[in-house]
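Once you've looked at the hints, dock chain L against the given chain X.
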Amino acid sequence: MPDERSALALKSALREQRMLVLRSALDKRMAVAGFAIMTVIVLLAVLAPVLAPAGPYEINPLDRLLPPSSKHWFGTDALGRDLLSRTLYGLRISLAVGGSTALASSALGLLLGLLSGYFSFAENIIMRICEGMMAIPPMLLAIALVAALGSTSFNVFLSLSVAYMPLVARVARSSTLSVREQTYIEAIKSQGASWARVLFGHIAPNVMSPIIVQTTYIFASAIIIEAALSFLGAGVPPPAPSLGNVLYDAKSVIFSAWWTTVLPGIVMMLTVLGLNILGDGIRDVMDPAG
Amino acid sequence: MEPLLKVDNLKTEFRTLRGIVTAVDGVSFEVRAGEMFGLVGESGCGKSVTSQSIMRLYDEKKLARHSGLALLDGENLLAASQKRMRQIRGRDVSMIFQDALSALNPVFTIGWQIKEVLRIHQKLGNKESREKAVDMLRLTGIPSPETRVDSYPHELSGGMRQRAMIAMALVCKPKLLIADEPTTALDVTIQAQIMEMIADLKSSLNMGVVLITHDLGVVAQTCSRVVVMYLGQIVEEGDASDIFYHPLHPYTKGLLESSPSIRTKRGAPLHVIQGSVPPLDKAGSGCRFADRCPYADKLCSSVPPMLVNAGATQKVRCRKLGSIESGV
Chain X
125 MPDERSALAL
135 KSALREQRML
145 VLRSALDKRM
155 AVAGFAIMTV
165 IVLLAVLAPV
175 LAPAGPYEIN
185 PLDRLLPPSS
195 KHWFGTDALG
205 RDLLSRTLYG
215 LRISLAVGGS
225 TALASSALGL
235 LLGLLSGYFS
245 FAENIIMRIC
255 EGMMAIPPML
265 LAIALVAALG
275 STSFNVFLSL
285 SVAYMPLVAR
295 VARSSTLSVR
305 EQTYIEAIKS
315 QGASWARVLF
325 GHIAPNVMSP
335 IIVQTTYIFA
345 SAIIIEAALS
355 FLGAGVPPPA
365 PSLGNVLYDA
375 KSVIFSAWWT
385 TVLPGIVMML
395 TVLGLNILGD
405 GIRDVMDPAG
Chain L
103 MEPLLKVDNL
113 KTEFRTLRGI
123 VTAVDGVSFE
133 VRAGEMFGLV
143 GESGCGKSVT
153 SQSIMRLYDE
163 KKLARHSGLA
173 LLDGENLLAA
183 SQKRMRQIRG
193 RDVSMIFQDA
203 LSALNPVFTI
213 GWQIKEVLRI
223 HQKLGNKESR
233 EKAVDMLRLT
243 GIPSPETRVD
253 SYPHELSGGM
263 RQRAMIAMAL
273 VCKPKLLIAD
283 EPTTALDVTI
293 QAQIMEMIAD
303 LKSSLNMGVV
313 LITHDLGVVA
323 QTCSRVVVMY
333 LGQIVEEGDA
343 SDIFYHPLHP
353 YTKGLLESSP
363 SIRTKRGAPL
373 HVIQGSVPPL
383 DKAGSGCRFA
393 DRCPYADKLC
403 SSVPPMLVNA
413 GATQKVRCRK
423 LGSIESGV
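Protein sequences, first through last, are from chains X and L.
Position one of the first sequence corresponds to residue 125 (the working numbering), numbered consecutively onward.
Position one of the second sequence corresponds to residue 103 (the working numbering), numbered consecutively onward.
Mixed in with the good hints there might be a few duds.
Here are the simulated lysine-lysine pairs, DSS-like style, with alpha carbons at most 27 Å apart [unchecked claim]:
no. : chain 1 : residue 1 : chain 2 : residue 2
1   : X       : 135       : L       : 229
2   : L       : 400       : L       : 355
3   : X       : 135       : L       : 400
4   : L       : 275       : L       : 355
5   : L       : 234       : L       : 277
6   : L       : 113       : L       : 185
None of these hints come from the bench; they were simulated from the model.
As the structure is a computational prediction, the values presented were derived from the model and not from experiment.
Just chain X, with the same shape it has in the complex:
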């Protein structure tokens, strides 16, 4: 059966080729480093109930402001709460708010970007609104929205999603404009595809890669802004331990107990750094030429 054998050989050659793609992705050290950092951080957050030595709300007035030790790795805060536990639980909330913001704003932005890139009547309406929103810094827009809606985690997520959506919409729109002129779009139209199939089935997958990169950046940026909002009292309501709240609690003792700001701050920095490196890495892998 030479035919069968050649088919098998072809199959393994194809598999090898795809493994090469994977390996070239592994060769991108940035992507791997970013992925590794984020894996560790997400694991820490997910396993917080297991890993944390104490509950995040457990107050212990006798152990106030203890420096880092073998019992309290990150020390304790002004109410005697274990800072490592609060940081781990804070990571959970920050990642949840940042991640859902990134996903929601990307999904909505992608949809609006696709529509405005494909239909010129939609373009004028959607893009003018987006430009108007982009004239206001995301931070300010989020504060205004939270102030109007009330500060709950959900409202923080909602207002951050609204604030970031125009960024994604713009990227999606410009990609859509170039993809829709490709011959393969004309080809699938010539096969009788409806506009919805053309737009969501054939154009959308081709505009995804810049959007995915954008999503990781928004993730990182949303974590910072959430922290800033919490710090200003417009974020996740205390005593819930978001990273911003942990830092806010630490502000009054910043000169007497350095660990209360520095250690959670480092965790937040590593998270944001990891996300940015991951974003750069994904961009390199997806667009080797750029």
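Coordinates of chain L only, in the frame set by chain X:
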């Protein structure tokens, strides 16, 4: 016999910054089932717009006016609703393109893309449509189609991509195939194979084919009838052998002389048609080829020539026909 496709006095005008431009000006031709029909001309002569007009795939926003008839089995495509057009595209009329690499979506396997056409037009199970895709790939001569069906376009060679694209276009067994320069991007040996395959499929599916090309050699080998276009108008039409061996219009002659043949002396300069295709909106009132025509006189650029019968099967749009033939 009723023709499969009857295009009658097709006129397509676009709105541009410099005003309304007539890209296709009164084109008429007929294609029968099982016939390969050639549409010849250089870039910008309106051959692609003609096919887009039949498929109604031009940019609707730029379209200024669209008139004439394009009857497919008696149904006027120019008057059909958008919904009806979507049913017709891919199922009754299909299209293949010059560059298969850009005509295949890079993020999907070729099998997925063939199945996509089936998803649009037929309700089939996943297994059934996969089998159809494999069968179609086998029909277009792709080796080990069971494996290749899962390949991405960039994993295939140029010839195989062309075959995959043709498989995608023909999976619903259309009555009419519009092939827009299907072999221009391929090297010569593959060109012959692809043309042979298209000709075979045409016979086995009893399909009409409109072959759009600038290569008169390919047309002479494969087509029965030919239309030569220049600046949106038909300048000559006839049986392929007549056009190839007895071209009447100076433009057709020029086209034929511009391609080297095996008999062309080594080192001999190749014939070129003087000048270049003028922009459509600069077309004068007379013969559109007058500026570049070696036979043209003063009257040519002011009196528009008619498409007139010349012989049993041939028609030509040239008022100097008599004097050219007598060698004056």
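Right, here's what the structure says about each hint:
Of the pairs offered as hints, the one joining residue 135 of chain X and residue 229 of chain L holds, with about 20 Å between alpha carbons and a cut-off of 27 Å not exceeded. Under the criterion of a C-alpha separation no larger than 27 Å, the hint pairing residue 400 of chain L with residue 355 of chain L is consistent with the structure, at around 21 Å. For a cut-off of 27 Å, the pair hint linking residue 135 of chain X to residue 400 of chain L is broken: about 67 Å separates their Cα positions. Only pairs whose Cα atoms come within 27 Å are accepted, and residue 275 of chain L paired with residue 355 of chain L is rejected, the gap being roughly 37 Å.
Proximity of residue 234 of chain L to residue 277 of chain L is assessed by CA-CA distance (about 18 Å); at most 27 Å being required, the pair is judged to hold. Taking the CA atoms of residue 113 of chain L and residue 185 of chain L, the gap is near 23 Å; set against the 27 Å cutoff, the hint holds.
Of the numbered hints given earlier, the model fails hints 3 and 4; all others are met.
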